[in-house]
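2 protein chains.
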Amino acid sequence: MKAAIVAVGDELLAPSREETNSVFLTEKLAEAGIPVAFRAVVGDDVEAIGDVLRSALGRAGLVFLTGGLGPTSDDVTRDAVARALSLDMELDEDIVRAIRARFEARGVPMPDVNVRQALVPEGGDVLPNRCGTAPGLFIPLDDDRAVVLLPGPPAELRPMFSEHVQPRLASKAEKLHYDVRKLWIVGLAESSVEQKIRSAYIGVDNPSTTILASAGQVEVRLTATGGSPEEAAAKNGALSAKLEGLLGANVFSAAEEQLEEVVGRLLLSQGKRITVAESLTGGLIASRITDVSGSSRYFDESVVTYSNEAKMERLGVPEELFGRVGAVSEEVAHAMATGARAGAGADVAVAVTGIAGPTGGSTEKPVGLVYVALATDDGVRVEKFQFPGGRSQVKRWTSQAALNLVRLHLLHERGG
Amino acid sequence: MKAAIVAVGDELLAPSREETNSVFLTEKLAEAGIPVAFRAVVGDDVEAIGDVLRSALGRAGLVFLTGGLGPTSDDVTRDAVARALSLDMELDEDIVRAIRARFEARGVPMPDVNVRQALVPEGGDVLPNRCGTAPGLFIPLDDDRAVVLLPGPPAELRPMFSEHVQPRLASKAEKLHYDVRKLWIVGLAESSVEQKIRSAYIGVDNPSTTILASAGQVEVRLTATGGSPEEAAAKNGALSAKLEGLLGANVFSAAEEQLEEVVGRLLLSQGKRITVAESLTGGLIASRITDVSGSSRYFDESVVTYSNEAKMERLGVPEELFGRVGAVSEEVAHAMATGARAGAGADVAVAVTGIAGPTGGSTEKPVGLVYVALATDDGVRVEKFQFPGGRSQVKRWTSQAALNLVRLHLLHERGG
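Here the protein sequences come in this chain order: A and B. All the letters of the first sequence, read from the start, carry residue numbers 1 to 416 under our numbering. All the letters of the second sequence, read from the start, carry residue numbers 1001 to 1416 under our numbering.
There could be a bad hint or two in this list.
[Said to hold, decoys possible] Quick partial rundown of chain B residues pointing at chain A, CB under 8 Å, derived from the structure:
(1) PHE1138
(2) SER1191
(3) LEU1212
(4) ALA1234
(5) LYS1235
(6) LEU1247
(7) SER1307
[What the hints assert, rightly or not] In the SDA-like style, the derived pairs of lysine to any residue whose C-alpha atoms are separated by at most 20 Å in a straight line are:
(8) B:LYS1028 / A:SER296
(9) B:LYS1365 / A:SER296
(10) B:LYS1384 / A:PRO109
(11) A:LYS2 / B:LYS1028
(12) B:LYS1002 / A:PRO15
(13) A:LYS365 / B:LYS1028
None of these hints come from the bench; they were simulated from the model. Note that beta-carbon positions come from the ideal geometry of N, C-alpha and C, so glycine has one too.
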């Protein structure tokens, strides 16, 4: 069993436009043991889609088409597939009702054009869309072959794939099993990660190892194959254990947990509450903490203190500090964390002050200079950083550093 | 004249593998006025390559194949193209000599397998490779159509394209210029946007119109062509003006400005300062406001009040409201905005309370229920929303609705 992926949309053929759905699907299919034999991007054109679909069916039993399922007249994937496979379309009243209910829940009547989304080629199974109006379709052609239509927005495609497509693939996969393991690392540059672990992975073909970096985070990805899921997992397990030993506490997750999830879990298990005082990150750290469902069990409140006045009034930072050492200083970070902890009555407070750029830097205090302070019942600890990149990257790096400082403190508490 | 790009190589179909040559070629072709109509990735397979090439020639006059020109047995692009186009192959002695010289310069005899790289389909022009052994090929089919073979390594492909392909395109490209315009819309669903504007764009081929939706935002993209940049821009300008008329204040940018940038500009021009009180968004709105460089000129501080206690202490929300109407209510949103505005001494305060999910919903107050309140010197206005999707989508939708409420207020102020 092999797969093909056809992404549909004029906009995907424009310059500087990334097509991320096939990256996602290729990975998920690899995990299910199904290799991709063909990938294509085609515009919103009935004939072109039909032609590419026939070509794809020539080299793959399982063809995914993504995008072009919306309600508007440039969304032609359903029509094109029905025509290419000579299938009639039927109006599915259940889908009409579901779409209408979705609109009514928002207090809006369903526009007439949305009825197009309820057309189903004969023999097709509807895949419910939990996050949008366009349902997906699973069209079995015979015992071995199927055409699968998925919506273009990744936020709709991903849950639909996991919930409704993945379970159908189990039986289609060949007997080669894949195991993917990701080590997520904070506090080390990509090149330092490489230097620490190269002795362990160079020359090892199975698992294969790749290293990917983003602002404030490095991913080491291991992909193993084996005759059984257990064999593949064991191969990954052996190398992963070696790498984790070499990387130590810099590895914050081997299970695709975000840093804010790891921090949330540690807070919860230790019965502690956290607060945040943010200057340059402007709310990003609190927003990440509250991205975790259930975060209200350890997070009550936080403040964004952008101006000096706000730092004084909300956090009790002494006015003289601004004249003497400036808002971006160890002393102000220290005072912000102390004031935030006292003001919120929290066990742990983390505070950040720095220069996000692109303006506001100087020779002594360049763009990217950041102080992160942590206040706990052990006292206050301040760390100084110099981060690279533009405004949004400096904000992201800072949020990583702040969450990591909290994580290392809580890990140490747990150990002690 | 349109182009198609076919990337060849089993390795390009593996997970976590990026295919960057088509990104490069798409950009360079756009600069030359040649749009890409089709893109594909196919394995090292003679039949598959031939089949995709025929399909590509059906929708593009200029087909690029990248990769598979090396000396080893899995490099089959040359063979596949010659077979698909029924062209004989001839050994080019000049190429043999050039490859041999390249090896001898490194003090290594040329391996026999490299002779394969000197096979040229009849009628093909050889494109010299300054950075590797695999020459490229430019195969004219007739006055209007050509097939171009380029080596896979980007370090070889890029100079070859610039030096030997780009000069040939000048004559192929029609003197066609492109103009792209994007209308960014808030407060309307994708299908409502379509219904409002379809009478204006259906049947218009130039510019072409596509509609794309993400959480809380819809993009209408116009792509016009013309004999000069001015002609293309004028065509977009005419349709864009019609669409903006139909969509009214729902269009927040025709210049790719984010909502937070538009709000920032309005605040700055009116000399007003803003503050935020966030419950379910947990800091996201403030973080977006401070994503804009220079936001300290209109933003001093904000609070995240996640718990009821924080809403009472930080914002003065009356305790009795939580028992009587609950934290997610018009009344609490109202009190939050009022308290935030007074506490920060700001001109404009926006407050949000709602249920981000996935837990915490009920029949009366389902996940996605959100109240947004705006406090200004005109008083307080509260709007109720029911947003779709998961936790991060509900947060995103809410931040869009809050920033939009501020924008509409400031627009009205400017008008009044």
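These are the hints, each one checked on the structure:
1. PHE1138: Hint violated; PHE1138 of chain B Cβ to chain A Cβ min 23 Å, cut 8 Å.
2. SER1191: holds, 4 Å
3. LEU1212: At 6 Å from the nearest chain A Cβ, LEU1212 of chain B passes the 8 Å test, so the hint holds.
4. ALA1234: violated, 21 Å
5. LYS1235: violated, 17 Å
6. LEU1247: Interface hint status for LEU1247 of chain B: violated (14 Å vs cutoff 8 Å).
7. SER1307: OK, holds: SER1307 of chain B within 8 Å of chain A, min 4 Å.
8. B:LYS1028 / A:SER296: It is violated: about 50 Å lies between the C-alpha atoms, which goes past 20 Å.
9. B:LYS1365 / A:SER296: Satisfied, since the Cα-Cα distance of roughly 18 Å is no more than 20 Å.
10. B:LYS1384 / A:PRO109: holds, 16 Å
11. A:LYS2 / B:LYS1028: With a Cα-Cα distance of about 33 Å, the restraint between LYS2 of chain A and LYS1028 of chain B is violated, given a limit of 20 Å.
12. B:LYS1002 / A:PRO15: holds, 14 Å
13. A:LYS365 / B:LYS1028: violated, 40 Å
Violated hints, listed in ascending order, are 1, 4, 5, 6, 8, 11 and 13; each of the other numbered hints is respected by the structure.
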